[in-house]
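10 protein chains.
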Amino acid sequence: MIPRSGPAGAAFLERVIMLFMVQMQVNLPVDMPAERADKLKADEKALAQQLQRDGKWKNLWRVAGRYANVSIFDVESNDELHTLLSSLPLFPYMDINVTALARHPSAI
Amino acid sequence: MIPRSGPAGAAFLERVIMLFMVQMQVNLPVDMPAERADKLKADEKALAQQLQRDGKWKNLWRVAGRYANVSIFDVESNDELHTLLSSLPLFPYMDINVTALARHPSAI
Amino acid sequence: MIPRSGPAGAAFLERVIMLFMVQMQVNLPVDMPAERADKLKADEKALAQQLQRDGKWKNLWRVAGRYANVSIFDVESNDELHTLLSSLPLFPYMDINVTALARHPSAI
Amino acid sequence: MIPRSGPAGAAFLERVIMLFMVQMQVNLPVDMPAERADKLKADEKALAQQLQRDGKWKNLWRVAGRYANVSIFDVESNDELHTLLSSLPLFPYMDINVTALARHPSAI
Amino acid sequence: MIPRSGPAGAAFLERVIMLFMVQMQVNLPVDMPAERADKLKADEKALAQQLQRDGKWKNLWRVAGRYANVSIFDVESNDELHTLLSSLPLFPYMDINVTALARHPSAI
Amino acid sequence: MIPRSGPAGAAFLERVIMLFMVQMQVNLPVDMPAERADKLKADEKALAQQLQRDGKWKNLWRVAGRYANVSIFDVESNDELHTLLSSLPLFPYMDINVTALARHPSAI
Amino acid sequence: MIPRSGPAGAAFLERVIMLFMVQMQVNLPVDMPAERADKLKADEKALAQQLQRDGKWKNLWRVAGRYANVSIFDVESNDELHTLLSSLPLFPYMDINVTALARHPSAI
Amino acid sequence: MIPRSGPAGAAFLERVIMLFMVQMQVNLPVDMPAERADKLKADEKALAQQLQRDGKWKNLWRVAGRYANVSIFDVESNDELHTLLSSLPLFPYMDINVTALARHPSAI
Amino acid sequence: MIPRSGPAGAAFLERVIMLFMVQMQVNLPVDMPAERADKLKADEKALAQQLQRDGKWKNLWRVAGRYANVSIFDVESNDELHTLLSSLPLFPYMDINVTALARHPSAI
Amino acid sequence: MIPRSGPAGAAFLERVIMLFMVQMQVNLPVDMPAERADKLKADEKALAQQLQRDGKWKNLWRVAGRYANVSIFDVESNDELHTLLSSLPLFPYMDINVTALARHPSAI
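Protein sequences, first through last, are from chains A, B, C, D, E, F, G, H, I and J. Start counting the first sequence at 1; every next residue gets the next number (UniProt numbering). Start counting the second sequence at 1; every next residue gets the next number (UniProt numbering). Start counting the third sequence at 1; every next residue gets the next number (UniProt numbering). Start counting the fourth sequence at 1; every next residue gets the next number (UniProt numbering). Start counting the fifth sequence at 1; every next residue gets the next number (UniProt numbering). Start counting the sixth sequence at 1; every next residue gets the next number (UniProt numbering). Start counting the seventh sequence at 1; every next residue gets the next number (UniProt numbering). Start counting the eighth sequence at 1; every next residue gets the next number (UniProt numbering). Start counting the ninth sequence at 1; every next residue gets the next number (UniProt numbering). Start counting the tenth sequence at 1; every next residue gets the next number (UniProt numbering).
Selected chain B positions facing chain I (Cβ under 10 Å, derived; list incomplete): (1) Phe-20; (2) Val-22; (3) Asn-27; (4) Leu-28; (5) Leu-81; (6) Ser-86; (7) Pro-92; (8) Tyr-93; (9) Met-94.
Some chain B residues well away from chain A (every beta-carbon gap over 10 Å; in silico): (10) Pro-33; (11) Arg-36; (12) Asp-38; (13) Leu-40; (14) Asp-43; (15) Gln-50; (16) Gln-52; (17) Lys-58; (18) Arg-66; (19) Tyr-67; (20) Ile-72; (21) Ser-87; (22) Pro-89; (23) Phe-91; (24) Ile-108.
Calculated cross-link-like contacts (lysine-lysine; reagent style BS3-like; alpha-carbon spacing at most 27 Å): (25) Lys-56/B with Lys-45/B; (26) Lys-56/D with Lys-56/E; (27) Lys-39/E with Lys-41/G.
Just so you know, these hints were derived from the structure itself, not from any lab. Every residue, glycine too, gets a C-beta built ideally from N, C-alpha and C.
Turn these sequences into a full structure, and let the hints guide you.
Pasting the structure below:
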């Protein structure tokens, strides 16, 4: 838990940094019409980029050779994490695994 | 995320309720001297009960037929969760899996 | 086994507290009509809340990132547990795993 | 749940029949002194037979080719089941899995 | 192998008692018409009960929370076991695992 | 089930042919003294060859690249199979899996 | 590798005996028209029997309780094995695992 | 990392040799029209052979008994590897696993 | 592959960004002397921090509840990655899994 | 199967090219004396290089991040493969998996 103070250092501005590794495997039905798939992917991309700009979706990497990603989310609670993930347009087509991360004593 | 305000709704009174299911399987070496094992278990029990009294270790159940438990932790961050778990005397002997829980829309 | 007496402590009022962890993963077909899915979910929610009010479905948590839950049931027998679970509207679409829980010696 | 009445059909005599399949894999260290192993096995056998005579350990079968068994226990609660299993002399050397069984609608 | 003699103890009346644990998981397609499913289940039930009356299907239990069962079959050979199992109306929809059981030295 | 009659075709001479695939993985401790290991292997080999000559251990193949084998046993019952396997000198060091085989309708 | 020479050791008579265990699990779609399934199975049977007569498909056993088989193939190379297996009418519906077998030093 | 110099040994001609083992399992829907499947396979073959000629797809082997392959790719980066794999016509129908390979100290 | 050129596009300034997710599970023997363990951990920490300062070990997070980490490495080749990982003092005690990451089209 | 003729094309000189992917994971005991481990590794290296020079051990790659390798063997039979693998000094310490490879129709 890393309290971070705002400019005034006021305690009530502190916030917890909390990270999760999220692994998403996308399983689109092979017979989904291309138009439908393209729309889903475009919507997913738009939201993914918005969440990155918001600082919530901290990292997003493709797993080489798979329609899958490894992501790092920076959220304030498990509830916020689930709300974000379940709002993704591809959510119904994904197998998602969440790993709670903590600060590592050797991290600089 | 369930912000809970006090009567005055003061921000500094809010707190996030965040739960994790923690599954612990204990693997004590079968040749550990009984005295050493007893000491470890007694220390573990004392700390487990303290954490329950503190409201951090919300539930603790034995898995029938195994030297294992299913637990619910109520913590403020992943860091706090890891700090608690890694401070358990039996930590070096346990295989632990953590599942982040969120509020279920049908929960009352 | 924790016999609990009623106010009069009459033996025939005793009852066994028996808990099970139940993990449910929902696998709705991605092509199920929205109306059908909504109806199923509404019915599921109604029954889930009734069972919670009855004290049978003691806890219900969402697994962050998944259409899945971790639940604690408080029932009088395996038969009652199966009857409840198989009566859920989503039962045909769920993969369910049951873990029998016992009282933990360190639980307070 | 199969309430069974005594001759007078008195409710307080009813009892729940509750069965569990228990799978036990024994992993004795290969370097355990024969004397110690023999003692453990003899104690295990004595208790296993007592529990069978008591009607608690309803069935006990060897898995062909393995130092393992499949058993059916008939107990009144998860707590009783765990108490019995954890009292077995070989308990520290066994990997045990419990499956809660219910009445099957096609059973006669 | 437990040869059992008839009243006259005639060798040709002896028979081998041979048990198998059979675990069946039923996977009916969620879109199977109810009428078809009901017919299959009724036929399955009729045959299951006949085999129980014949002494072949010695035990049949429901796995709590799943459309699955744990069964004990008492047959004279692997061939007879396979013939029985593959004649079940639900056979094409089941994932079946067979475990050969032997007499346990501690069984009474 | 293939009843085989003796010369006189007398029913009491018939016998069931029953085959099992047995997969054995040998896990000798790497620090076992060579002399002890050699003795175990020699004893194992002697018994394995005797059982082959007896027609019980019908086939014995090495799994390429592993200290493991795939075997076919021809026995009269599960009990006989377990008795044979558990009498092997290497039994305490092996992980054994048994698969019950039946006659295949396309076998010639 | 077991080169088998005649007394004169003539090279053209030598041949390598090479065995593979092949495990085939058949997964026919449950909605395949019976006529189509019957045709596939009849073709499969005809080819399986021809390969057995040719000495290539040395053994073919049914796995009790499953639509699966355990087979032993005797071929001259991995290529020949794959050519045979992929020519089977049921090949597109099967999950196949191949295990390379070698001569066991204790085999007689 | 094996820097390879061109004839003039100029540093800017050096390039890193980087290999990946790629395991591809093809899962074409069994009901895909033959014409569509043939077109996909022909396109796959053409691209696979072009990539082999380009030196990118260094080795391509069939897994005996499966519609699967083991391949070695020689690429300059993870990005190039993913670009190549995801451009394959069969990519949407394949389960792909990538293993990063390094130089082995005993390789000659 | 993201070649990054300076304004003049000078080849010798280009460099490939290549990331790997590395998951490390530490399995120190429970009976390792504390002094030896402390020395190993201190050496590990020193090198881990040096590699972070060098920009090679880009991220290092603790997995909550486990003696394990999730890391991101930024290296120039598989060889460099293996050289770094195998030089870690805890390498002989770790189970390490590597996942090659590529640029995600939705990453910003 | 790719018969290759010698200069004279004589049939008896033909030989089958047969490849196997072999995956070896080395598990040296962490408490093995360094001298013993070094001797084993040196012997392993010498033999591995001899087999490479002989053309039997066609490829040898390190798995990045693991004490493991992926290898390609080119042998004349399963027996030859097993003989080679089981002669490796590290054989008692390795977990080895063998995959039979065939010619791929798209290989050039």
